[in-house]
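Colleague: Below are the chains, spelled out letter by letter.
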Amino acid sequence: MLYFVEQCLNGVQLGMLLFLLAAGLTLVFGIMDLVNLAHGSLYMLGAYFAATFAVLTGSFVIAIIMAVAASLVAGMVLETVAIRRLYSRNHLDHVLGTFGLLLFFNELVRLIWGPAGMTLSLPPEMLTAVQIIPGVYYPIYRLVIILAALAIAALLYVLVMRTRLGMLIRAGAANRQMVAALGVNIELLYTFVFGLGAALAGFAGVMQAPILTVQIGMGENILILAFVVIIIGGIGSIRGAFVAAVMVGLIDTVGRSFLPDMLHRVLSTNAAATLGPALSSMSIYMLMAAVLVFRPEGLFPVAGR
Amino acid sequence: MTASFDPSLDAATRSQLTPRGALAATVLAALAVLPVYAALTGDGFALTLFTRVLILAIGAVSLNLIMGYGGMVSFGHAAYLGIGGYAVGILAKEGVDSGFVQWPAAIAASALYALVVGVLSLRTRGVYFIMITLAFAQMIYYVAIGLDRYGGDDGLTIYRRSQFAGLLDLNNKTLFYYVCFALLLASLYIVSRIVNSRFGLVIRGARSNERRMRAIGFPTFRYKLVCFVIAGAMCGLAGALLANHTNFISPALMHWTRSGDLIVMVVLGGLGSLFGPLIGAVVFLLLEEGLSRLTEYPDLILGPVLLLVAIYAHGGIEGLLEGRRRG
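These protein sequence lines are chains A and B, in that order. Residues 1 to 305, numbered by my numbering, are exactly what the first sequence covers, in order. Residues 306 to 632, numbered by my numbering, are exactly what the second sequence covers, in order.
It is possible that some hints are incorrect.
Stated by the list, open to error - A partial selection of chain A residues facing chain B, derived with a Cβ cut-off under 7 Å:
1. Asp93
2. Leu96
3. Ile224
4. Val228
5. Met288
Stated by the list, open to error - A few chain A positions that, by computed beta-carbon distances, are all more than 12 Å from chain B:
6. Phe4
7. Tyr141
8. Arg164
9. Gly166
10. Ala174
11. Val184
Stated by the list, open to error - Quick look at which bits of chain B chain A covers, simulated, 3 or more residues with Cβ under 8 Å:
12. 426-433
13. 438-445
14. 449-455
15. 567-574
16. 603-610
Don't read these hints as lab results, they were simulated from the structure. Positions of the beta carbon are idealized from the N, C-alpha and C atoms, including for glycine.
Build out the structure end to end from the sequences listed, making use of the hints.
Modeller: Spelled out as structure tokens, the structure:
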């Protein structure tokens with residue numbers, strides 16, 4: 001039971017991480033209609049920035065802030081130099097162009113930081129575990145990730161639904177020409193939105209950096225999970241991304257921890273040992289397939305798409 | 306979301322003596338005599354490299370069938386390479402090394418996977434389709450990693466190439482090259498027959514305007530599904546060849562960036578043209594090989610090249626030759 005609670009929290013933590021990535025993806029897709037395969041590269045860059053700034057400044061918190069700021073700037077520069085030229089193209093060209101960017105960023109990181117990975121160590125006060133319910137201890141850093149991501153989700157909601165900027169973003173998604181005709185600098189708005197997505201991805205990378213190694217290609221596999229999240233949630237919907245991210249995080253983590261044991265009860269040890277890992281890695285794709293059968297546009301389809 | 310590709314329905318039926326026709330003929334002729342060159346110069350590496358080019362060209366040709374002619378941007382095509390490869394590898398490991406069993410098994414397994422993925426993904430369109438095919442391919446990737454008995458993450462070495470009862474010895478590199486070449490020609494022939502048939506017209510029509518095709522009475526879903534399965538089966542065969550070529554398979558073969566490579570080949574060569582994927586495969590793999598000899602950081606150049614192709618070069622290399630812009 002205690003193990004179950006712990007695994008559920010791990011699932012929520014993975015879900016929060018996926019939400020940070022998926023929110024940026026779905027924002028960029030919902031507003032600019034852009035498929036961005038280089039989103040994982042921004043996640044990777046965020047982690048490398050944090051590891052570097054942590055060495056330079058010696059402070060974990062300052063490193064995080066600087067890394068997120070650097071990701072924001074990197075995203076805005078990337079949008080201005082390359083991405084904005086892709087908006088008028090079809091999705092296949094987006095795939096090709098951003099795939100090229102992904103290759104470029106992997107190689108750039110190898111050139112700058114070298115082929116070996118980096119580590120980002122946590123400050124000592126983050127290394128302890130707290131007792132969340134009697135008898136269950138949980139690493140404080142993972143709780144910090146969950147809370148920080150929740151705070152960001154709330155901020156994002158306020159930004160998009162309650163501010164003038166958010167109103168412009170939503171208006172830009174609905175009708176670009178009309179917003180531009182009303183005198184809004186839509187190009188700047190797009191640059192900002194892409195930068196915001198990059199900062200969210202960078203933040204996800206920063207938060208994950210102390211748990212995993214910071215290495216080249218670290219954003220590639222998690223990017224596909226973020227895709228699964230936005231397919232389930234409905235492409236373009238931030239609310240859908242949040243719900244789907246928690247679902248995917250929980251099912252993936254809990255499936256991996258408990259499915260092999262459950263198989264042992266019904267199958268022979270040998271068969272369970274072979275099937276267990278394979279099946280548990282399939283669970284979220286099964287969820288995706290099930291959602292697609294009943295709701296081809298995702299759980300929270302965005303109107304007009 | 307409407308289909309994003311400009312229809313050029315006449316592209317496949319247009320008369321052939323154009324710059325692109327000449328280029329295709331030159332490439333085919335060069336590929337046909339390459340083993341002679343390799344034998345004369347003793348350049349075994351060229352033979353190995355171009356065997357790989359031929360095999361991946363089969364994969365690109367099959368992707369072009371659904372993506373170029375059918376407008377279905379499948380981002381999971383490397384899964385078929387993997388399934389075909391693992392069909393050979395798993396059978397070999399279990400002691401079945403006859404190619405008469407292995408290759409049909411590779412084709413059947415890929416077709417079956419394509420059927421399942423097709424049924425689920427063809428209900429959606431546009432960017433959903435891209436991401437769903439991508440996600441399912443990633444699932445297969447993780448399944449392969451979970452197959453501890455067959456090497457898991459480390460992959461599986463294939464100690465004996467497929468046996469053809471003494472008729473064909475695939476260990477003979479030149480012979481294997483020509484087997485691949487023949488299968489490439491066969492796949493080009495099949496694709497050209499398909500796209501110029503009534504079936505192909507429905508597929509191409511559905512790319513331009515699926516609603517209209519349905520309105521005049523074609524159940525486009527079934528047509529597209531059949532097309533999707535044919536492409537998957539064809540790429541599965543390429544996977545079986547690849548496993549025989551490298552004597553090794555691993556999940557890395559199916560990483561989603563490999564699917565990206567196949568898309569790059571098709572787009573680079575020219576979407577929806579018969580020989581485009583072949584030219585794209587030759588150019589992409591030679592570019593990759595050339596750049597990695599030239600510099601330690603090849604993707605630093607390759608990446609921006611792809612970006613520039615996406616932004617400026619519509620219709621790929623063949624499109625440039627024709628001087629025509631699409632999209």
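Colleague: Does each hint hold? Answer for all of them.
Modeller: How the hints compare with the structure:
no., hint, in the structure
1, Asp93, "holds, 4 Å"
2, Leu96, "holds, 4 Å"
3, Ile224, "holds, 4 Å"
4, Val228, "holds, 5 Å"
5, Met288, "holds, 6 Å"
6, Phe4, "holds, 23 Å"
7, Tyr141, "holds, 27 Å"
8, Arg164, "holds, 29 Å"
9, Gly166, "holds, 23 Å"
10, Ala174, "holds, 15 Å"
11, Val184, "holds, 25 Å"
12, 426-433, "holds (count 6)"
13, 438-445, "holds (count 5)"
14, 449-455, "holds (count 5)"
15, 567-574, "holds (count 3)"
16, 603-610, "holds (count 7)"
Every hint, counting from the list given before, is met by this structure.
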